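As you go down the protein sequences, you meet chains A and B in turn. Per numbering that gives the first Met the number 0, the very first residue in the first sequence carries number 0; after that it's consecutive. Per numbering that gives the first Met the number 0, the very first residue in the second sequence carries number 0; after that it's consecutive.
A hint or two may mislead.
Here are some of the chain B residues that sit facing chain A, going by a computed Cβ distance under 10 Å [as the list claims (entries may be wrong)]:
{"#": "1", "residue": "Leu10"}
{"#": "2", "residue": "Cys30"}
{"#": "3", "residue": "Glu41"}
{"#": "4", "residue": "Asn51"}
{"#": "5", "residue": "Val127"}
{"#": "6", "residue": "Arg231"}
{"#": "7", "residue": "Thr239"}
Rather than coming from a laboratory, the hints here were simulated on the basis of the structure. If you're wondering where the values come from, they're calculated on a predicted model, not measured in any experiment. Using N, Cα and C, we set each Cβ at its ideal position, and we do this for glycine too.
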Amino acid sequence: MNDQVGGNPKRARFQALCQSLRPDLLRFAFWLSRDLALAEDVVQETMLRAWKAQDSLLNEAAAKPWFLTIIRREYARSFERKRLATVDVDELIAREEPMLAAAQDQDLAELRAALFKLPEEYREPLVLQVLMGYSTAEIAAELELSNAAVLTRLFRGRKQLRTMCGEDTRLDPEE
Amino acid sequence: MNCTEYRRSILADPRDANPGLRLHRDACDDCSGYTERLLRFESRLERALRVNAPADADARVVPLRARTARTSNRALRMRRGWLAMAASVLIIVVVAGSLWLAAPHPSLAADVVAHMAGEPQAWARTDVPVPPSELAQVLRDSRMRLNPDAGMVSYARSCPFRGHQVPHLVVQTEMGPVTVMVLVHESVGKPVPFDEEGYRGVILPVAGHGSLAVLARGHTADLNAVTHIAARVQGAIVWTG
Chain A
0 MNDQVGGNPK RARFQALCQS LRPDLLRFAF WLSRDLALAE DVVQETMLRA
50 WKAQDSLLNE AAAKPWFLTI IRREYARSFE RKRLATVDVD ELIAREEPML
100 AAAQDQDLAE LRAALFKLPE EYREPLVLQV LMGYSTAEIA AELELSNAAV
150 LTRLFRGRKQ LRTMCGEDTR LDPEE
Chain B
0 MNCTEYRRSI LADPRDANPG LRLHRDACDD CSGYTERLLR FESRLERALR
50 VNAPADADAR VVPLRARTAR TSNRALRMRR GWLAMAASVL IIVVVAGSLW
100 LAAPHPSLAA DVVAHMAGEP QAWARTDVPV PPSELAQVLR DSRMRLNPDA
150 GMVSYARSCP FRGHQVPHLV VQTEMGPVTV MVLVHESVGK PVPFDEEGYR
200 GVILPVAGHG SLAVLARGHT ADLNAVTHIA ARVQGAIVWT G
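Please construct the entire structure, taking both the sequences and the accompanying hints into account.
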């Protein structure tokens, strides 16, 4: 990202912030949408909106959750605008194969494919917890759910994922 | 707390540090083993989620980019498709040629081997593990933890390497002491075996976390065994950030 900040420190700082966060934001948007092109659009639009609303970001340490909230809204907007058709997950997996492939690790590629098949209501809290390091309370606040509902989704999500990946689930508790 | 409650809790949050959970785990062998297996799965899950995010040279924020030029990335991508395809072919030829000519991996291996010369005492055979707090401190800067599956760690230092502080560990294994260097800032595209200056080892790619160098002393060291140990250590790493 070549920066032509022209000596504007505020802009330069914001640009640097976006650059540092972009990989994680893109990963989050990718797992949300399961579509790299859409994820890139959403992240780009998120940065535009964030730039315009940057005065509302009082603490740069809180930038990541702030961006993630904007990404979720932006993704929802793109969903409304395009009225995305129901998609075949296997087609999605084939289309995003370059992102899902894991050199030297077929297990990882299979796990990624399983994540694609996981319903969004389970996938999203899992991504927030495992990838973004959110606590249960933070996930609950972001998704506007109770703590108990978040824990249930995380439990079901992991259980389904383990089953899809052929893990030994004999000791997993029932619902 | 019974086993069902415990497993239900850690399936929802395997990193939950609730003291009640720890008490149950310490007292229940089944749940302790279950937790270890779950944490291994969790480590794989984290690596699976950490897909490589492609860099985007066009990624800018307003007003660096004119509002009128806010055509969607998708449309731009289609328009530039043919040009990109032609450029890709050229890039592949240039990159492949450059990689072949530059052959950077042996130099990384050479640097790892060179680093060994500075800490010969690390190679001692011993059954004394490094204190857990000391190990945790060394690994913390690389945002990782190490499960006991890796084997007994007898040496742990944070060492300068190519401009970064990296964990330098020695693990006591069935083939004797084996050195592990966690190189989060050094990437390799595929496993790179090496045999240099009396050391044999392998550098493994670690998706999203650079690479892992694992080596044993002696030209007679079994490279297959080293590679097996390297995979075991890699599987025992839990990335925390």
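Less than 10 Å between beta-carbons is the criterion; does B:Cys30 satisfy it with respect to chain A? 8 Å, holds
Hint validation: B:Asn51 versus chain A, beta carbon distance must be below 10 Å. Holds or violated? With Cβ-Cβ at 7 Å, under 10 Å, it holds.
Interface restraint verdict for B:Val127 against chain A (beta-carbon cut-off 10 Å): 34 Å, violated
Just to be careful: measuring from the Cβ of B:Thr239 to every Cβ in chain A, is the smallest value less than 10 Å? 8 Å, holds
Taking 10 Å as the limit, does the beta-carbon of B:Leu10 come near enough to a beta-carbon in chain A? 5 Å, holds
Could you check if B:Arg231 really has its C-beta closer than 10 Å to a C-beta on chain A? Hint violated; B:Arg231 Cβ to chain A Cβ min 14 Å, cut 10 Å.
Does the CB of B:Glu41 sit less than 10 Å away from some CB of chain A? 7 Å, holds
Hint violations for this structure: numbers 5, 6, all remaining hints satisfied.
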